[in-house]
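Participant: In case you want the letters, here they are:
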Amino acid sequence: MNEVIELNQRNNQSQYTPSSAFSKEIEKTPGGEDIQHCIQCGMCTASCMVANMEEQYRPRKLIQKILLGMREEVLRSELPWLCMTCRHCEERCQEDVSLAEIFHAVRILAAREGHIPSNVQNVIDTVLEDGWMLKDGYSDMIEDDRDDLGLTTDLGWNNEFTKKIKKRYIDGGNKK
Amino acid sequence: MKEFALFRGCTTPVRLPSYEASVIAVLRKLGINLVEMEDTNCCGSQYIESINHTAFAAMSGRLLAIGEKMGMDILAICGACSGAMKTVKHELDHDKKLRKEVNEILAEEGLEYTGKSEVKHLLQIFSEDIGYTAIREAIVRPYNGIRLSAHYGCHVTRPEEIVQVDDAENPTIIDKIIEIAGGTAVDYVGKTRCCGGPMLGMNVGLAGRIGRDKIENIRAENVQGIITACEFCNLQLTQVQFDDEASNLSKIPVMTLPQFLGPALGIDFDSLGIEMNKISPQPIIQG
Amino acid sequence: MSDTQEPRIGVFVCHCGHNIAGYVDVEKVAKQAGELPNVVFSADEMFMCSDAGQQLIKDKIKELNLNRVVVASCSPRMHEPTFRRAVEEAGVNRYQFDQVNLREHVSWCHQNEWDKATEKAWDLVRMSVARARKLESFPVKTVRVTPRTLVVGGGIAGLRAAMDIAERGFEVVLVEKDSELGGHVRKHTHIFPTDRSGADILKPLLKDVKNHERITVMLNSKVTEFDGYIGNFIVTVKNEKTGIGEKLDIGTVIVTTGFEPFKPTGYYSYGETPDIITLAELQEIPRTEGLFRPSDGKPVKRLVFIGCVGSREPGKLGHEHCSRYCCSATAKAAGDLATRVDEVMILYQDVRTYGKGHEELHRLARKNHVIYSKFPRDSKPKVDTTSGKIQVSWHDVLADVDLEIDTDLLVLSSAMVPPEDMAETAKMFSLTRSPDGFFNPEHIKLAPLTTHTAGVMIAGTAQAAKNASEAVIDASGAAAKAVSLMAAGEVEIESTVSHVIPDLCSSCHTCVTACPYGAISMDSEHDPPIAFVQEAKCKGCGTCAAACPSGAIVMYHSTDEQIMTMVEAFLCYSPVADGGESA
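Which chain is which? The protein sequence lines are A, B and C, in order. Its first residue numbered 1, the first sequence is counted upward by one per residue in our numbering. Its first residue numbered 177, the second sequence is counted upward by one per residue in our numbering. Its first residue numbered 464, the third sequence is counted upward by one per residue in our numbering.
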């Protein structure tokens, strides 16, 4: 059951009590180790192309929400999935915080609790089943194009491994 | 002849085979032989990466192990693949626990990751393995000063300490090759910004706005074409020009770097898939 | 002391590079000045204050026997000492030199009016030449400097200053109103950035001060009378306990009377419960393993700090300044205590951890999971104690969300303000105060430790809110200034002072009241007593001369005659005559 709060939906909430529990959890998740380094200077948001084009998306604000411990809101939100991992923010962050990595950590926790945007889930399912992303997109016409270019038409993808991965790490609640 | 194991990635073979063909043709001309990696899987970038850390490490780790088995370094031509594999390599080299765990699952197929194989992006092959001098010497039909802008791509160049391809804030490899091939490399506002490609999965409209912003910044410099180093960026910068919002604007041709370099090296258009480009690069080729 | 020789005036008009010459026709002014009576030499020069410029003055004095020099250049506040020195070296008395301000008063304020600016420059030079004719020479006077310093206030700054001076071989009298030395630092149990106790840090300094043969410590004492002038102060120090007053001869004074931690009554429910305290009060809690509530002794689980309490409040006199020490001290306290309690929060307006090692304190606090939350400037946090708990609610600016928390202990990082008796101290030493209430330095950048009362220095938090390390830096600086005065043994005083003509004095006492510096007293050797100016205290402001109904006071170097001749030169200028012929 994927429950994701759509972009632009107002989040109504009453007074919230801050807690450091969520950021401690993020700290222990791969990618989230640097969460406590953020000093909220805003350089990331200033550099972010997504923030430039989408008013709701503010990386600094999202990090502050993590620091305040707003676990449910952050894990259910679509916002952490909007990061393009372009790493402009990282290059410029004075405290060397990797926001792309922190948002990966958030996504991992969100995924564990079943909050994955549906389009992301679709691609994941495809990749794990087929071994790669575009098996359905490999039409005859494209096969002909490849032939004309002198390229191999048998792409040789292995899906045994990805099925194994799915069984071991993804199914059964993403233990790891 | 130097050899590299070629990892195509998911997207190039299906959506931009001309890129694959150009890479092989150009590199062969410049003395690099590519051996296709077989029995591969998706590198896990972006999607698997977002839901499980070990799964992601295992997927890219397997590719690294295959390269090792082939006894070669790996060439990744897609920015996302190159970024993913370099990141995983960095982690496996420094995190013993993770490496042990990944090697456990790889051992089931007789594969092992020891870290012997390097993974490089296409731009590194040009700047490090071939060298600018060799490229210059191989130019037989230089361009006539045509104005072109380079788009490097985020995952190709960042994070700098891990990927070590070029200067992240001021990259120059593509620009140098444009100049060597006889073109005029033109800078533009927001040169290192993202093309918006990674946003396609989540929000097509937003991805389009980001991509079109880049196109307009380039258009402001009055250039004849855009040169890319990743098929994802190439496809995105091409596609956004066909959005409704851009319907009344002229189309700027987008070429991958090897496709652009090929003609200058005397390679025939067919081998480079010139006719297959959605926006015809004829203005560039003629110029 | 008038000179009977014919004035031979040299006029030097400075280009000041482009600064003056770009807006005023300096060549024309110099040429015209050359045609004035008594002007023997007139020229324009690129930079008069340069070695070349100064040498030109000296050369021309010797070559042409000049006995008056006019330099038309920048403000005398800039280079009067430079040019005075130059003319003196060539044998001309410094008081027969006059400086015309063509920069601050002409080129810098009339930048787009070439003709008019030039005309004004010409007017000013002409006036100065007219005055120069009437200038008289005066001897350069000095007064002795008693080799003893009075340090007022025995906190860390006073202790440091006393030691520095005593170590240089001078005597120090250290006056402290409390019964113990050490000020506020002594009371703090945790000092940043090293985390030792204040008493611990002060120990060696206190020992050295108490044992030093040249330092006399007077506890429970205050300064009750302060008279005299630089190098020769007469001070009465009274012991509040015994009631005994002692008169002391003092050469220099360093005021290190410190600060007071602001008690924020009316802010954030302070005073409604013992569990709402100030950062200063927190820092005085004895060192313990855990942190306990003052009310019931139970362990503190949640701890909240609020910053900028009573600081940075525009429009509230005495509370507009940033108290400087608090952000760093709060970060340190929070970072330390985070390991002893469950949750620590700092509610801030800004984070200013600027100093050496301070940014590291900020990072350490965050590393220990202290939550920093920014509140808006115009909507401060609200504290409600009605339910028996301490409920804090506010808006977090950066997450754009309303927050609330019940805290066990609320610490208010409150302001550093001047002590209660600040006004008294200011009056005693004739010191002025800045809007923040602390003492005004002579010049915020160029002379931050001296004051307008010559011979009196300020240091430490008496001068402005700062932390203990910074107070010590001040103290050593002020001590150096005191030592340089005492080491010289004597100090020059200006001769541009007022002088009472005894025969004309009608004994009305008007000047005594009028003098802002208390420099005039009645000389009772005469009957009736005659007003008498203490030249070392006189600043040459002219108030007394203006007030005297008998016209008995003359301002040396600004006599009525000198001023009138300038007025006439301006108004009655005739190219042929020497200014003052018509009407």
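Hints may be right or wrong, so weigh each one.
What the hints assert, rightly or not - Looking from chain A toward chain C, a few residues come up when the C-beta cut is under 10 Å (computed):
(1) Thr-17
(2) Met-70
(3) Gln-121
These are calculated hints, taken from the structure and not from any lab test. All of these numbers come straight from a predicted model, not from anything done at the bench. Yeah, the Cβ is synthetic: ideal placement off N, Cα and C, and Gly gets one too.
Participant: Of all the hints given earlier, name the ones this structure violates by number, lowest first.
Facilitator: Failing hint: just 3.
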